[in-house]
Amino acid sequence: MTNLNLNLNLNLEEDEVVLRVLHTADWHLGRRFRAFPEEDARKLTRARLEVLDSIFGVAERQSVDAVLCAGDLFDDPFPVQEWWEPLTDMLGKLAWTNRPMFMLPGNHDPLVAESVWSSGHAFRRALPSWVHVVDKDDFTYSFGEKAVLYAVPCMSKAGQRDPSDFIPCREAGDDRIRIGMMHGSTFDMEEHQTNFPIGEDSAVRRGLDYLAIGDTHGFRYVPANRKVPPTIYPGAPEPTAFDEKDPGNVAVVLFTKRREAKVHQERVASWTWEEVTVRSLVELQALRDRRDLLKRVLQLHVEMRLPPSEYEQAEALLRDLEGTSARLGRAGILVLDRAKMDLDTTDMETLVAGWPEVLVRTANLIKADRDADPRVAQQALYKLYELSRRP
Amino acid sequence: MYFVRLKIDGFRAIESADVELGRGLNVLYGPNDVGKSTLAAALRAALLLPPQSSETRNCVPWNRRDCAPRTTLHFVDDQDRRWRVRKNFGDSPSGELEATKDDVSFSPECSGREVEEKLRSLLGWGIPGPGGKGSPRGLPHSFLTQVLLAEQTDVRAILKESLEEDKDGSGKVRLTAALKTLAQDPLFKKVLDGTQAEYDVYFGKGGQAKRAKNSPFIKAAEEIKRRSDELADLTKKREESKSAEVRAQTLREEHGMRLETAAEADADLERALALREKARVYEALTLRVAEARARLRSIDAELAVTEEKHGAMEALRAEADRCVAVLDEASRASDLANGAARDATEALRQASSDDATRERDLQRAQIEGQRAALQAKIADAETRRTRAQAAVDAVEAAAQAEAQETKAVTALATKRRALEEARAALGKVEDHLRLTKGLSAYGRWRDGTAAEQESRAASESAAACRAQADALGAEIAALEASLKALSVPTEAEVRAVVALRRSLDLSEAALGGGLSVVVTPKRSLTLRAAPDGTWREAATISRAVEVEAEGKLELQIDDLVDIRVSAGDAARRTAAETLRQRWLSEGEPVLGRAGVTDVAALEARVKSAGDLTRQIEAGRREIATLQDKAKSREARVTELDPIVRSVPEREEALTGLDRAALEQRYLELGKHWEQPAKAREAEQEKALAVAHTNVATLDREVAGLEEGGKHAGAQRIIAAAAREAALAQVGPEPADLARRVSAEIDAARREGEVLEASLARISAGGTAEVDQARRSLESAQAAVKTADVARARATTAATEARSRVDRAAGEVAMLRERGAALDRAGAAAAVRSSEAEVTAFGPVDGLPTDVDVEKAQAIVTEQRMLLLETTRTLDAAEGALQQVGGATIQDDLEDARRAKDNAVDKERDLEVTAKAWQLLRDKLQQAEEAEGAHLGRALGAPVAERLGELTEGRYGTLTLGPTLRTENVEVRGGGSPEDALSFLSVGTLEQLATLVRIAIAEHLRSAIVLDDHLVQSDRARLDWFRRMLRRTATHTQILVLTCRPADYLEESEIPAAGEPMREIAGGAVRAINLETVIRRWQITPGAAAARA
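Line order of the protein sequences matches chains H and S. Reading the first sequence from the start, the letters are residues 4 to 394 in my numbering. Reading the second sequence from the start, the letters are residues 1159 to 2250 in my numbering.
Treat the hints as calculated values from the structure; they're not laboratory data. Worth double-checking, as some hints may not be accurate.
Here are the computed lysine-lysine pairs in the PhoX-like style, where the Cα-Cα straight-line distance is at most 25 Å [unchecked claim]:
#1 S/K1276 x S/K1363
#2 S/K2064 x H/K46
#3 S/K1565 x S/K1868
#4 S/K1348 x H/K370
#5 S/K2073 x H/K343
#6 S/K1377 x H/K46
#7 S/K1368 x S/K2064
#8 S/K1363 x S/K1259
#9 S/K1383 x S/K1371
#10 S/K1765 x H/K139
#11 S/K1868 x S/K1943
#12 H/K248 x H/K230
#13 S/K1347 x H/K370
#14 H/K370 x S/K2073
#15 S/K2064 x H/K343
Please read these numbers as outputs of a predicted model, since none were measured by experiment.
My request is simple: use the sequences and hints to build the entire structure.
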């Protein structure tokens, strides 16, 4: 449990709150990070599962009445046992008989034949009785007389129908808290696919007091300027890319007697994705000395031109950050861009000081070779320098 | 390089030999003339002598000139490649180089001249290729051939030779490469070693990039390929997705347009229907306006008639008033005449007083006598004139009486006609009223009979409804039984089965692409095929038959084999198969329970069940409706019962009526006969009253006129009698008579006036007054009489005029009453109202006709069909998109693209790194070569070291030139003469030459042949050599040819007699008894003599 926040009250009297729910989405269990080296990719993939402890911990600490999981819990509708079994193991250790959890198939893991959500799948059979899989369009669940949940699953990887169309409008005299849950796009972000389009005013149109949605990976209200009734993307609990805005959260929602939904954003992620550019050895040194790098996916751009001795120091600092086969790096994961890290060979005198004539000649030959690629020549010179200094 | 095996046939003195050599030290021993040098020569020829060379003649056995010398040499080159070179030095010279991996199987590399070129390239011994400039004609010679394959006779020649004489630089290159490491700076060596180690990671010995499985280049390339394949796969999927998206989007737009078009068509139809309804309303309104206007025109016509009658009545009333005025005038004239008569009577009485009566009587008597006579005369004249005037009056009165009678007769006749007409009208009205009343009675009777029929029909209908409801109940029970028997699955089951079937169909559709299988029987056989799951009739085929299918094909060939062919890639087939299995386990049981074979049938079953349910519900509603209807009918029967009971009474009321006519009128009025009949009856009642009034009035008038006529007749008769009587008295010309008499009277009266004047004078006055009074009285009495006549006439005229006015007033009153009943204001209001409605209705241009509505309906039908078709196509496209589309593939694609870019970057970095190492190594070597091209410096030290060791320190530094020419040797303790070599013994020179040769061979890692090169050495130095050779042989192959095996082998190591070979020191040393492996020619004594 990484989050140490106290129980929420949000300035509400204790008896004001009639229902508490935790809203999460986009776990993407089993996601592959192809662009990363195998070991780093494995770390990031595992993080999807590790963060669930934090989510479940928040649910217990906040004593929520229900947990809503709004889709894309798996990265693929057919995850291997390696990915669903730990989840069922974790759920099996939770005695949440009075805290139902609702799992919604999303566009990444739609409810299709043979999928993890299909009724005959071992995952479904292994789920505790208090976990409810949303496997039909007219799924409803009543929290006694006070509240009702309407949820609509994705049954394919793409679709054009607004899932909120399946939710009935509030009828006259229905004073229950009405919560909706679905997975799709709200069209308010540029260049987003138009899959499972959810109208921005769905919550209003359907008479919902809270609309829990999933798809994009950052925490945000939809639309941004409407807080009542809230429509929320909680985002992925662990970030998945550098360009995500405000990922790594869940939403804890408190419903009052007046059917007001008070939303609290709570961070659960253990990893942070950060992009840094260093332009001097001092900056690189300072970065190396930071103490918050262990759980950080660091994209580092090195843009500097260094004489051989400093180049060697920079290499050493980068090795510290990146780690070696024998030693862990200071950064959890380092994505290094050294395309603009150059060796300054203007001071050849210093470079060759104390060398035998044959090595001096070698260095001069490399430098004088006009046919050689400058980057290749630069590296060759540095390697010559580095080899000459090896004990 | 090292030798593996040498085989010789017919080479000089050797008939045949086969020597297998070890990797280390090979001691080939045998007595003199066993063929050792021939063996060495054969080895040189095998490696270096072109078969076409003229020098090959030296290879031919001297005793077998027709023999073709042949050599076969197996060797391994510096790159560990194994070779076999075979040469035939006979009349048909040939050469062949073959590669081998196991010395068992061989593959040709080259033959002929190419063999020499290839061998010289492999050896790198400084020998130019055959045929080129400077190429040797016979056995080639170079510094390294001298070093490695020196002949027995030229042991020390190496000390005089160098690389300078080589025609080809390959030997120098090899030696430079081999020797330069001996002259390296430690730091340089460290750098070079480190660089070489890194270089070796990336490059092979030939400088080529490593392409073995574990090569970093291959790993990087494989990673790129893997990522590229993944990217290509995802790109393809993305393209499929995009294509599906584009198609779906296009269809969505088309669907949207279809929806709009269909909606527009619906709206057009709705509009047309609404406008049509409006048009109907408008038509009804215009009809109402026309009816109202007609009604108003009818009323106005009737009112105009009334007003006309009223005008006529007013004219009659004016005439009557004028008659009354005439009467009044006549009355007043009569009254005045009577008053004058009374006054005249009084005046006469006063004039007849007693005082002067007597005198005046006397005179008057006289005069009166005269006057009496005159008076008598006048009286007579007066009488005559009166008679004449009376006759004139009587004539006139008779004429007037006749005219009056004629007028009265005429008026009576007219009135009588009017009376007849009125009576006829009354009769008609009575007839009409009777008919109307009869119609009402008939209507009531018809209503009664209709009520009877309705009651009977309602009763029957109620019974029928009850019966029908009962029958329907039975049918519903049967339908419920049928519904129960249908065994329809639950809605959720059906939805799941349909979804599963759709997934399976989509999955199987994704496998499509077309299959074609050609079955070519070897004999006649029975073929049964099932393209895409549909089995066809079995057919016997005896020639090729092609069977085509879209995605799946099953074949049964006799009872031999069943074949199933599926299209699509493995993943899709697997997915489809999985779905098929699911279908078998989940879908088929549902179908089985429902007793159907496919989803369509299941859906049809569900539809049938739905239809049944709807039929049952409709039936129940129908039963309720029927029962309600029955109750309603029964209530109606009850309601009609009083009417039905009154039917006999109503029929009795028809007695004497013309039922046929009534039926016709009744039918004209229609079923709503009662109101118009009653209105008509009321109207006719009123008309009857008016007609009665008319008849009564006319009766009275006729009676009056008859009376008047009678009176006029009587008056005419009286007047005619009076006229006749008067005429009888006065003659036929009473007027003339009257005038004459009047003249007489006038004359008499003038006479009388004279008398009177006399009398007056006599009577002083009284008599004249009396007379005057009498005359006035008489005049007044005449005037009274005239006035009475005029009064009687005026009275008659006034009475007649009043009678006419009364009739006209009656008619006008009747008409006004009718007019009031007509409600013109209401009719006008109705016209205004209906006109206002029409005006308010608005413009009516373009209102549709029924044809327009039908056209709009046809368009709606067409658009709905097109919409349905587009919807189906869109559903299919959406289904396909659901399978291949979505944002997830875009995420994966971006991820894969980054991964591929990373792999490409990594490969580029790898190439830069590799090239950097390559560049560094090249430059290190270049610098080293520039620095260490003096090969003698490298080789001199180790050779000198061994020489010093061999000679126990007697010799020091050995000076070798840059091209390895031996220049000098340091003689320790004896100075260092510039030509010290000339002072060395033969044995020491042989030993020095051997040490130089071995050092070079050692650094070249090449085999070396020592052909009895240490014959001048003592035991101690031989022992040292033996040890040195054994050490050197651990990494360099040495072939020692000797006749003294003990110089190189321990006694125990020498094979026993007859033993061909012995392996020593674990194979490092091999002792080969040449006598056992070489077969020399058998020389006959004759031949030997010839040779001698």
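Structure-based check of each hint:
Restraint check: the Cα-Cα separation between S/K1276 and S/K1363 comes to about 19 Å, which is no more than 25 Å; the hinted pair holds. For the hint linking S/K2064 to H/K46, the alpha-carbon distance of about 21 Å falls within 25 Å, and the restraint holds. With a CA separation close to 12 Å, the supplied pair S/K1565 and S/K1868 stays within the 25 Å bound. The suggested pairing of S/K1348 with H/K370 holds, with an alpha-carbon distance near 21 Å, which does not exceed 25 Å.
About 19 Å separates the Cα atoms of S/K2073 and H/K343, which keeps this hinted pair within 25 Å; it holds. Taking the CA atoms of S/K1377 and H/K46, the gap is about 23 Å. The hint holds against a cut of 25 Å. A hinted pair counts as satisfied when its Cα atoms are at most 25 Å apart, and S/K1368 with S/K2064 qualifies at roughly 17 Å. Only pairs whose Cα atoms come within 25 Å are accepted, and S/K1363 paired with S/K1259 is accepted, the gap being roughly 19 Å.
With a C-alpha separation of about 14 Å, the suggested pairing of S/K1383 with S/K1371 holds against the 25 Å cut-off. At roughly 22 Å between alpha-carbon atoms, S/K1765 and H/K139 fall within 25 Å of each other, so this suggested pair holds. For a cut-off of 25 Å, the pair hint linking S/K1868 to S/K1943 stands: about 23 Å separates their Cα positions. With a C-alpha separation of about 19 Å, the suggested pairing of H/K248 with H/K230 holds against the 25 Å cut-off.
With a CA separation close to 21 Å, the supplied pair S/K1347 and H/K370 stays within the 25 Å bound. Between H/K370 and S/K2073 the CA atoms are separated by roughly 14 Å; this keeps the pair inside 25 Å, and the hint holds. At roughly 15 Å between alpha-carbon atoms, S/K2064 and H/K343 fall within 25 Å of each other, so this suggested pair holds.
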